[in-house]
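Sequences listed follow chains X and W, in order. First residue of the first sequence: 682, per our numbering; consecutive thereafter. First residue of the second sequence: 19, per our numbering; consecutive thereafter.
To be clear, the hints were calculated from the coordinates, so they are not data collected in a lab. Here the structure is a predicted model, which means the values were calculated and not measured. By construction, the Cβ of each residue, glycine as well, lies at the ideal position given by its N, Cα and C atoms. Some hints here could point you the wrong way.
When the alpha-carbon atoms are kept at most 20 Å apart in a straight line, the in silico EDC-like pairs for lysine to aspartate or glutamate are as follows [to be verified]:
(1) X:K818 - X:D800
(2) X:K735 - W:E186
(3) X:K735 - W:D128
(4) X:K735 - X:E786
Label pairs and their in silico Cβ distance ranges [as the list claims (entries may be wrong)]:
(5) X:E688 - W:A102: 37 to 45 Å
(6) X:R795 - W:W163: 20 to 28 Å
(7) X:M682 - W:W163: 53 to 61 Å
For reference, the chains in residue letters:
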Amino acid sequence: MSLIALENVTADNGGPSVLDRVSLRIEPGEIVTIVGPNGSGKSTLLRVMIGAIKPRAGRVMRDASLRIGYVPQKLHVDASLPMTVRRFLDLPVRVTTPVALNALERAGAGGLERRAMSDLSGGQFQRVLLARALLSKPDLLILDEPTQGLDQPGSARFYRRIDEVRRDMGCAVLMVSHELHVVMAASDRVICLNGHICCEGTPDVVQAAPAYRELFGTGTGGALALYRHEHDHHHDHSHGPADAKSEDA
Amino acid sequence: MLDDFLVRAALAAVGVAAAAGLLGCFVVWRRMAYFGDATAHAAVLGVAIALGFSVSIFVGVFGVALLMALTLWALTSRTLGQDAILGVLAYGAIAVGLVASSLMGGRQVDLNAYLFADVLTVTRMDLAVVWSGAVVIAVVLAWRWQALLTSTLSPDLARAAGIDPRREELVLTLLLATVVAVSIKVVGALLITALLIIPAAAARPLARTPESMACWAVALGAGAALLGLWGALIFNTPVGATMVCASVLLFAITRSLGGMLRSA
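All chains, full assembly: derive it from the sequences and hints.
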């Protein structure tokens, strides 16, 4: 059975509704990536899945024994809170040192255990967050834009690591990403979100879908161009629930 | 031994400082200083009510502080205009408390005694209240420690791990009301927040983990309490204020120590 299933979930982040009747299921062991423009509800969707946001309508069904490992997009450690990497791995459940060191090694963060969280670089911080998420032996690893702030080789390495983790631990992976070109290579299934689910399927199917082309341009060259482009200035990508022209795609 | 007013004062001051130091770490980490202030100011209203209805000060203060803390907890779930809401409630409570106590003409009370308390007058009963409160705070914090720490670091991480961060906030809120109620007779309503924040802040440069910071905060708080008591006797100054001065002194020392350690 599915690890987690959403049925017609409508939710918001305190403002107007950003998710409109979203239904999806995550099966054991698969890598699913959510793509979509800024403000399309990607983070909101993840936060509904971890239980941080209660949907306004619809249902979230979790497998009774589901363990989620969550890697947030950003984590701010207040300067007033002293926290070493080793201590951080003890949250929320204390683990033995060999187990903690093993998780760091697996996440590519070996040797960082004595460092203060506030002294880590962006990439090191991400890997420590990943290590912590692995400690609960998750069935489902949820990552919110895990490679934000990493350079291209860095993020390629990160995705390879995720794939290794999936193979070693057998967990499903659900992640949000901006990097379409990498996503297409690294995922079993891609969900294209823009408030509602525009289209979903294997990377090939999604890339060929009209709704996807409408959002991200055509061809892989176009996708890459869009990725760079998106960070210079803001586009109004909003095409709300009323605009149902691509919903059947 | 407890017959000596000085011994009682020292024990009461150390008890309050230890409890406040421990809880103060969370106040500092979560930036709840103003939240603590508002709860403490509500204590003035609590004193007025306790005197008006002839119930014990502890019951009156705990009741009103609890009500205030719960109101703040409920209101702060929404992020809009928190500062203003805290301000309205804090100063509203203190002003209503002052007005109410002056209206109770028949029983003239000196509210000053509760704004700036005199630890030298604590009774055995007060001492029992202080230490029971300190033990309750220490036990509850130890019990919820991991969940509280996870929620403090990131409410989303807590949610993903099945911890309800709002419930943990509620626990802190209740403990804050407790510390206010037990310490009003020792330091007074105006200086309680100082004992929450200053020892914890002074502990920060000495610590690499949350636990060591909590231990240092208790030690520095207790040290400041004793130093303050001693200073008050020597210079014939108000005890509560002298304790706060001592903790500021310790803060200055650990900060400069921390700076030297970093640059070394």
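Going through the hints against the structure:
1. X:K818 - X:D800: Between K818 of chain X and D800 of chain X the Cα gap is close to 27 Å, so the pair fails against 20 Å, i.e. violated.
2. X:K735 - W:E186: holds (18 Å)
3. X:K735 - W:D128: Violated, at about 50 Å.
4. X:K735 - X:E786: violated (35 Å)
5. X:E688 - W:A102: 37 to 45 Å: holds (40 Å)
6. X:R795 - W:W163: 20 to 28 Å: holds (22 Å)
7. X:M682 - W:W163: 53 to 61 Å: violated (36 Å)
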